[in-house]
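K.L.:
Using the hints, position chain B against chain A.
Residue numbers (this note's numbering), protein chains in the order written: chain A, 1 to 308; chain B, 1 to 308.
I should point out that these hints are in silico values taken from the structure, not numbers from a laboratory.
Predicted model, so just to flag it, every value in this text is computed and none were measured.
Don't take every hint at face value.
Just so you know, same-sequence chains aren't split out, so a pair can sit in one copy or run between any two.
The list that follows gives simulated cross-link-like pairs (lysine to any residue, SDA-like), each with its CA atoms no further than 25 Å apart [claimed, not checked]: (1) K245 with G105; (2) K245 with Q78; (3) K44 with Q78; (4) K245 with A102; (5) K44 with Q16; (6) K245 with D103; (7) K245 with M79; (8) K44 with A277; (9) K245 with D81; (10) K44 with Q280; (11) K44 with G299; (12) K245 with A77; (13) K44 with P272; (14) K44 with P15; (15) K245 with N109; (16) K245 with I108; (17) K245 with P80; (18) K44 with R297; (19) K245 with Y110; (20) K245 with F107; (21) K245 with M106; (22) K44 with M106; (23) K245 with G119; (24) K44 with E303.
Number of protein chains: 2
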Amino acid sequence: MQCIVLGSGGMMPMPQRRLTSLALRHAGRVYLFDCGEGTQLPYKELHVGLRALTVVATTHLHADHVLGLPGLLMLRAQMPDPPPLTLLGVPGLRRFIEHVRADLGMFINYPIQVIEWSGDPQAPAYRDDQVTIYWQPLDHRVLCLGYRLEEHERPGRFDPAAAARLGVPCGPLWGQLQHGSEVLLSGGAIVRPEQVLGLPRRGRHVAFITDTAPCAGLQPLLRAVDLAFIEGMFAAAEQADADEKRHLTAIQAAQAARRAEARRVILVHLSPRYDAAAAQALGVEAAAHHPLLEVARDGLLVELPLPD
Amino acid sequence: MQCIVLGSGGMMPMPQRRLTSLALRHAGRVYLFDCGEGTQLPYKELHVGLRALTVVATTHLHADHVLGLPGLLMLRAQMPDPPPLTLLGVPGLRRFIEHVRADLGMFINYPIQVIEWSGDPQAPAYRDDQVTIYWQPLDHRVLCLGYRLEEHERPGRFDPAAAARLGVPCGPLWGQLQHGSEVLLSGGAIVRPEQVLGLPRRGRHVAFITDTAPCAGLQPLLRAVDLAFIEGMFAAAEQADADEKRHLTAIQAAQAARRAEARRVILVHLSPRYDAAAAQALGVEAAAHHPLLEVARDGLLVELPLPD
Chain A
1 MQCIVLGSGG
11 MMPMPQRRLT
21 SLALRHAGRV
31 YLFDCGEGTQ
41 LPYKELHVGL
51 RALTVVATTH
61 LHADHVLGLP
71 GLLMLRAQMP
81 DPPPLTLLGV
91 PGLRRFIEHV
101 RADLGMFINY
111 PIQVIEWSGD
121 PQAPAYRDDQ
131 VTIYWQPLDH
141 RVLCLGYRLE
151 EHERPGRFDP
161 AAAARLGVPC
171 GPLWGQLQHG
181 SEVLLSGGAI
191 VRPEQVLGLP
201 RRGRHVAFIT
211 DTAPCAGLQP
221 LLRAVDLAFI
231 EGMFAAAEQA
241 DADEKRHLTA
251 IQAAQAARRA
261 EARRVILVHL
271 SPRYDAAAAQ
281 ALGVEAAAHH
291 PLLEVARDGL
301 LVELPLPD
Chain B
1 MQCIVLGSGG
11 MMPMPQRRLT
21 SLALRHAGRV
31 YLFDCGEGTQ
41 LPYKELHVGL
51 RALTVVATTH
61 LHADHVLGLP
71 GLLMLRAQMP
81 DPPPLTLLGV
91 PGLRRFIEHV
101 RADLGMFINY
111 PIQVIEWSGD
121 PQAPAYRDDQ
131 VTIYWQPLDH
141 RVLCLGYRLE
151 EHERPGRFDP
161 AAAARLGVPC
171 GPLWGQLQHG
181 SEVLLSGGAI
191 VRPEQVLGLP
201 RRGRHVAFIT
211 DTAPCAGLQP
221 LLRAVDLAFI
231 EGMFAAAEQA
241 DADEKRHLTA
251 IQAAQAARRA
261 EARRVILVHL
271 SPRYDAAAAQ
281 ALGVEAAAHH
291 PLLEVARDGL
301 LVELPLPD
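Chain A on its own, in the form it takes in the complex:
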């Protein structure tokens, strides 16, 4: 599982900090989170993989989070026989896409399924054979969603000693048990997977949260995730600005992540007011509130290993 920061800025694209967009690549699929103006450029430059793009999850209908969608949709129409695409977002996303498609006569040669927030945080936004994506409403000036992607549980660890005790010969029968099938031994006995496997092992969990004041939705999204991408829009000195505009300061992001025992934090969606040095300082003040926190740079690639 790889996370690739296509952009780490908020509000407007800057030469060194494009608008925030995160690509999560796993098992041959790409899940993209937000898609501001210009996202197609780093998407191509970083070789994220157009055919693999399966889901684009958008947080809210502000221009800096969705204006790159039309271009990306058209880019995807350039390859032969593009697979279907799923878009997630707030109510109004479908209308935005339909308007821009019609107004600009966009050429799109594949099915697009738009799934809008239903109002029920228990109902997953999306599910395939590898991952489930959950969403929660946050607290911004307009309805804004945070996301949590969970890799499905893997079967428990195989116990060779237990298999030997039960008389399962080393060979293909081990593999069948590991993959969850019961096996028939030559002596007539049946061995079930749970007799030789440990407890199911949890998959990797990643959160993507931007454009919100501190709110109740943060905790379920961040709870014990392996990696959280959270906006660090403002320095603590700009707390009043953050409150008024319904954004997190970098410190608030770190504190929320720590409370939820998120293991690692990468700050994204930095205000264009911060140059590289100021962004560094922002990271320093936030790192005092979380043990494993850094500020994103455009193009950052994080390999997320399987948990033990």
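P.N.:
The following block gives chain B in isolation, referenced to the frame of chain A:
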């Protein structure tokens, strides 16, 4: 008068060739021609001047020509007390802007006047105290407009000998005559400007033409312009592709410019299929058909001197 190539590519933004957009800066105003996704970035980087932006002329409603507009409009809303803005384009431009404003809740704190093609090529698209912008329909897959910007005529050259013969003393009266006012001499005689000025001198003329097959509209747009920005979308080897998609090859652009006696040509809107070397080759084959032709690169700035 300065022309600044913000981008020189067609169809999709590329790392070294952004989408075609041209800024023409003159007398404290900026006239922008086309505005594809990401245009706000070179607009900022090249310090074109946000407050000076007065007109955005769009050729047609395909995504690669207008998807940068919403971002640029919002960027312009960030400065204190932004002046009004005029948008030019085909019918449907207003609806596109209205949809995206409403769908994305865009913050715009200045008046936007949208002027859509009226069907009458004689009626100028826009006029202020410095320039007039004309338009013509071209031949693309959808209605597409070409533009010609004309600087107003300047008064004729002042003839000091004629002034002396008429008894106008050297001093402030000369200036009044130069600026078009008649003057009363101390002896009671009246001298009119045309007695001491040569014929009015023409201003600078610039054409912006992209996304069209060869058509009748090209000649009035290109006729004797000082500088023509024309699409050189395809090499001659791709003539069939150009015909089918209603684009010009670089050679066709050069030939049209030569027929119209356009003095200088800069090719823009190159296909993303061409790398730097291929673009160079495109320029070489086109340059055989026009005496003063080059291929644009992003960031190119051309100072256009006053004609003699």
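K.L.:
Next step is simple, just say for each hint if it's right about the structure.
P.N.:
Consistency of the hints with the structure:
1. Taking the shortest alpha-carbon separations for K245 and G105, only the inter-copy value of 15 Å comes in at or below 25 Å, while the best intra-copy value is 35 Å.
2. Taking CA atoms no more than 25 Å apart as the test, K245 paired with Q78 passes between copies only; the shortest distance there is 15 Å, against 39 Å inside one copy.
3. In the homo-oligomer, the alpha carbons of K44 and Q78 lie at most 25 Å apart inside one protomer (13 Å), although the nearest pairing across protomers, at 30 Å, exceeds that limit.
4. With identical chains, the CA atoms of K245 and A102 are at most 25 Å apart between copies only, with a shortest distance of 20 Å across copies and 32 Å within one.
5. For the homomeric pair K44 and Q16, the shortest alpha-carbon distances inside one copy (17 Å) and between copies (12 Å) are both at most 25 Å.
6. When the C-alpha separation of K245 and D103 is checked against a cutoff of 25 Å, the pair qualifies only between copies, where the shortest distance is 20 Å, while the shortest distance within a copy is 31 Å.
7. When the C-alpha separation of K245 and M79 is checked against a cutoff of 25 Å, the pair qualifies only between copies, where the shortest distance is 17 Å, while the shortest distance within a copy is 40 Å.
8. Proximity of K44 and A277 under a CA criterion of 25 Å is satisfied inter-copy only: 20 Å between copies versus 28 Å inside one chain copy.
9. In this assembly of identical chains, the alpha carbons of K245 and D81 lie at most 25 Å apart only when taken from different copies (20 Å versus 43 Å within one copy).
10. With identical chains, the CA atoms of K44 and Q280 are at most 25 Å apart between copies only, with a shortest distance of 23 Å across copies and 27 Å within one.
11. For the identical chains of this complex, K44 and G299 are neighbours both inside a copy (12 Å) and across copies (22 Å), given an alpha-carbon limit of 25 Å.
12. In this homomeric assembly, K245 and A77 come within 25 Å of each other (Cα to Cα) only across copies, at 16 Å, whereas the closest approach inside a single copy is 37 Å.
13. In this assembly of identical chains, the alpha carbons of K44 and P272 lie at most 25 Å apart whether taken from the same copy (23 Å) or from different copies (12 Å).
14. In this assembly of identical chains, the alpha carbons of K44 and P15 lie at most 25 Å apart whether taken from the same copy (17 Å) or from different copies (9 Å).
15. When the C-alpha separation of K245 and N109 is checked against a cutoff of 25 Å, the pair qualifies only between copies, where the shortest distance is 17 Å, while the shortest distance within a copy is 39 Å.
16. For the identical chains of this complex, K245 and I108 are inter-copy neighbours only, at 17 Å across copies versus 36 Å inside a copy, given an alpha-carbon limit of 25 Å.
17. For the homomeric pair K245 and P80, the shortest alpha-carbon distance between copies (18 Å) is at most 25 Å, but the shortest distance inside one copy (43 Å) is not.
18. Proximity of K44 and R297 under a CA criterion of 25 Å is satisfied in both settings, with 17 Å inside one chain copy and 20 Å between copies.
19. Within a single copy, K245 and Y110 get their C-alpha atoms only as close as 38 Å, which misses the 25 Å cut-off; across copies the closest is 21 Å, which meets it.
20. Taking the shortest Cα distances, K245 and F107 sit within 25 Å of each other only across copies (13 Å), while inside one copy they are farther apart (37 Å).
21. With identical chains, the CA atoms of K245 and M106 are at most 25 Å apart between copies only, with a shortest distance of 15 Å across copies and 34 Å within one.
22. Within a single copy, K44 and M106 get their C-alpha atoms as close as 20 Å, which meets the 25 Å cut-off; across copies the closest is 28 Å, which misses it.
23. When the C-alpha separation of K245 and G119 is checked against a cutoff of 25 Å, the pair qualifies only within one copy, where the shortest distance is 23 Å, while the shortest distance between copies is 45 Å.
24. Taking CA atoms no more than 25 Å apart as the test, K44 paired with E303 passes inside one copy only; the shortest distance there is 19 Å, against 34 Å between copies.
In summary, the structure agrees with every hint in the numbered list given earlier.
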